[in-house]
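A.B. asks: Residues per chain are reported as follows:
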Amino acid sequence: MAGSVNLVCTRERLGEVVSELRAVTIPDGQTLETGFTPPTGCEVASTWEVISYQFGTLFGELWTETGNVLLGAFNALPYLAGYVLLVLLFMVFWRAIKTLLTPKADYTSLKTVTFGDESAVRSETAASIISVGLIFVIWCSFTGSVLIPKFMHLPGPYTGESSFTYTVANTAGDTDEAEVFVRVFDAGEDSEPLEIDAGSGFAKNDTVDIQIYRSEIVTWDRNDEFTRRDHQAQIVAINGNEFVFDPNNRDDNGNLVDAAPSFDVGFAKVAITDRGTINVSPNPGWQMQPLYLPAPEAVWNRFIEVAKYGYQNVYLTVHLGFSLFRVIVGFMLGAAVGIPLGYAMGLSNWFRGWFDPIVEFMRPVPPLALIPLVIIWFGIGEVGKIFLLFLAALWIMAIAARSGVSGVRITKVHAAYSLGASKWQILRHVIIPNSLPEIFTGARVAMGVCWGTVVAAELVAAEEGIGKMITTASKFQSTDIILMGVIIIGVVGFGIDMLMRMAERRLVPWKGKG
Amino acid sequence: MNGLSIQGLSMRFELPNGGHVQALQDVSIDLKQGELLSVLGPSGCGKTTLLNIVAGFLAQTDGKLVLNGHEITGPDAERGMVFQAGALFEWMSVRDNVSFGPRMAGKKKADYMGNVDHLLDVVGLQDFKEKMVYELSGGMQQRVALARCLANDPDVILMDEPLGALDALTREKMQSLVLKLWKETGKTIILITHSVEEALLLGERLIVMAPRPGRIHKEYNLPFAELGVDADLREVKKHPDFGAKRDEILNMIWDMEEEIMGRTGEDA
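If you're matching them up, the sequences are chains A and B in order. Going by the numbering used here, the first residue of the first sequence is number 1, and it counts up by one from there. Going by the numbering used here, the first residue of the second sequence is number 1, and it counts up by one from there.
Read the hints as simulated data drawn from the structure, not as lab findings. Owing to the predicted nature of the structure, the values given are computational and were not obtained by experimental measurement. All residues carry an ideal CB built from backbone N, CA and C; glycine is no exception. Treat the hints with care, as some may be off.
Quick partial rundown of chain A residues pointing at chain B, CB under 7 Å, derived from the structure [as the list claims (entries may be wrong)]: (1) Asn-170; (2) Thr-171; (3) Ser-406; (4) Gly-420; (5) Ala-421; (6) Trp-424; (7) Pro-433; (8) Arg-501; (9) Lys-511; (10) Lys-513.
Using 25 Å as the maximum straight-line C-alpha spacing, the simulated SDA-like pairs for lysine to any residue come out as follows [as the list claims (entries may be wrong)]: (11) Lys-423/A / Asn-17/B; (12) Lys-111/A / Ser-123/A; (13) Lys-107/B / Lys-511/A; (14) Lys-513/A / Ala-85/B; (15) Lys-269/A / Tyr-292/A; (16) Lys-131/B / Gln-289/A; (17) Lys-423/A / Ala-105/B; (18) Lys-108/B / Tyr-292/A; (19) Lys-187/B / Asp-255/B; (20) Lys-423/A / Asp-96/B; (21) Lys-131/B / Asp-155/B; (22) Lys-511/A / Lys-108/B; (23) Lys-269/A / Glu-297/A.
Chain B side only, calculated, beta carbon under 10 Å to chain A, not exhaustive [unchecked claim]: (24) Phe-13; (25) Glu-14; (26) Gly-18; (27) Arg-95; (28) Gly-101.
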């Protein structure tokens, strides 16, 4: 930017002198040399200042971020350790059962050296089943699902009726105790006000209805003889626990002198607010709110509902169908161009030289980075998304085909020549079949990348598609639909890979056996 | 004139650093139709280069190659080759591998299938015709390679250590098979080997090559191949001349290796 200049400005902030770097536009008719004067407190920054300030800020911020990440990781450690312990526990348990039930003597069980022997390590089916089952159980238990018995649930949020007492003092020094009756109700229930006895003394009993995961403020002096405003009445104890807190006792800046106290009354947390009222937060328990993590049955019901009636007037089959359509068409086009391109690059110096820089440059560019460009070029229609997937598949397929061709053993080509084959016959009968295993590996990778890319592209801009469904759901905080979408994406992605593997086993059985 | 004539063959590889390697220098061999020549020598003496030039995979820098009256300029079906390993097409069945040559020549299936089946019987693979080649053992794979080469009916068969990757017992059986096929088909064969015994047993003629530059060091005419056609090869090895020839050639190669080692020692 020719019309801009970097300035170093010093100013006072919270009693400290700080200097900042910022870029400003030089006004019309002025240049750096003539007529331009920096604002007061600012000077034109030298190159060295510009660089050192940028790196200083960068490293400062990165240092803070690193601290945050490490702190997060450190906090997660106990949970991680607990999970590993569970894994080991199940292993010990399962092995004990297995030894008791089947004294089997197959070849592996006769091996004395199994640690480090890759062939002796196989995926233990029981472990897989338990692992998936455990994730499901943890999910159920954190959401209070009806799918598992109640005793396996983590403690849920408090519901029901309970009470605590507060003690009020007036300016004369008289005190009186009154009770607050709290009813915590589930989101779906109707809340009827509790019928209570006002009680004796100048402080009257209060009542409050709270929905789970919410908190309420109790204006305790509403029905009392002495109020906060008119009589400077104050709470001096909760459940008999006395404290000193005067909400009117403030310093010159209006800040409180005493810290507002809070108490655990068993079913809830009771805190005195800055204004002297009572804030009641019933115990949220350990379970997750449906907004954060819905129960499995909720997700399943949503799945049935969306499958039957659609979401936002689009049926699930349409969402899924569009996503698959984009992946398949994009992949097919990518393969149709990429494979011949790879062959050309593997067989001709000229083509190798021509396309190597292009392929090697485009390969590390993640297709997701091209989404904004593709939207600018093609809009949010099908053409743009299919073009994106075409690009995602193209380079992978080209590189797979190239390495498939380059990987042919020269003895095979020599053998074919000395058996009288022509160049075209060698291409048809030796080079192409020899490259098929590599191409299949590439195709598997490309399909995986395409599936990931289509979902991401739909997240950004689409009319329909499984990613679009998730974005829409996130705008309405329908976590159950988001979760359902994520599970469908995972299952379909896994299914695609399994199909590719099956095709590979059937079509190129000689893979890895040359 | 029938037969293979190699006249004053030289091969020189230019190295990227400006130097060069004289792989072959003035090699001349005359082979009559139906002769079996085995080529022996220490590593780096240019055996494989010689074979690659005869096969047409490499162009010589000097000299002339004439087969049955015409000059050799590139690979052709008239010169079949059997490689040490890895030259079979694993995406084809055994039968498709063996019939590869006739199929590429565009022959009718009825015309070549009988011969292909016959050759598979000869090499003892009658029960494996429909199998994929990667399902076979190493020895069986080399038998497929032999049959594939013969199915194309070449004038010369070039063998580049065809039995080198096989175990001792399989190797002995395969040596008998090579002799049997040679006698039955009357093909001209050039066989490259590392094994002195194999060279003596199979070579009607034997050439010992010397390295740096690759050249013919000594030539023998041997009776053992003729003997081995009918007799057990283990009996042939007990022939008094066999032991003497073996020791003589072993010493010769040993001396060459010593010389190479000594020379590199001096260089360093």
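A.B. asks: Look at each hint and say if it fits the structure.
C.D. replies: Hints and how they fare:
1. Asn-170: Violated. Min distance 97 Å.
2. Thr-171: Violated, because the Cβ-Cβ distance from Thr-171/A to chain B comes to roughly 99 Å (cut-off 7 Å).
3. Ser-406: At about 16 Å, which exceeds the 7 Å cut-off, the nearest Cβ of chain B leaves the hint on Ser-406/A violated.
4. Gly-420: holds, 3 Å
5. Ala-421: The hint holds - Ala-421/A has a Cβ within 7 Å of chain B, the shortest such distance being about 4 Å.
6. Trp-424: violated, 10 Å
7. Pro-433: Since chain B brings a Cβ to about 4 Å from Pro-433/A, closer than 7 Å, the hint holds.
8. Arg-501: Given a least distance of 19 Å, the restraint on Arg-501/A is violated.
9. Lys-511: It is violated, given that the least Cβ distance between Lys-511/A and chain B is near 9 Å, above 7 Å.
10. Lys-513: Hint on Lys-513/A: holds, closest Cβ of chain B at ~4 Å, below 7 Å.
11. Lys-423/A / Asn-17/B: violated, 33 Å
12. Lys-111/A / Ser-123/A: holds, 17 Å
13. Lys-107/B / Lys-511/A: Status violated; Cα separation ~30 Å.
14. Lys-513/A / Ala-85/B: Measuring from Cα to Cα gives roughly 13 Å; hence the hint holds.
15. Lys-269/A / Tyr-292/A: Holds, because 22 Å separates the two Cα atoms, which is no more than 25 Å.
16. Lys-131/B / Gln-289/A: violated, 62 Å
17. Lys-423/A / Ala-105/B: holds, 13 Å
18. Lys-108/B / Tyr-292/A: violated, 72 Å
19. Lys-187/B / Asp-255/B: violated, 34 Å
20. Lys-423/A / Asp-96/B: holds, 19 Å
21. Lys-131/B / Asp-155/B: violated, 29 Å
22. Lys-511/A / Lys-108/B: Violated - the C-alpha atoms of Lys-108/B and Lys-511/A are around 31 Å apart, more than 25 Å.
23. Lys-269/A / Glu-297/A: Outside the cut-off at roughly 31 Å; violated.
24. Phe-13: Violated - the Cβ of Phe-13/B stays beyond 10 Å from chain A, reaching only about 17 Å at its closest.
25. Glu-14: With a closest approach of 19 Å, the Glu-14/B hint is violated.
26. Gly-18: violated, 23 Å
27. Arg-95: This hint is violated: Arg-95/B lies away from chain A, its Cβ roughly 15 Å from the closest one there, beyond 10 Å.
28. Gly-101: holds, 4 Å
Hints 1, 2, 3, 6, 8, 9, 11, 13, 16, 18, 19, 21, 22, 23, 24, 25, 26, 27, counting from the list given before, are not met by this structure.
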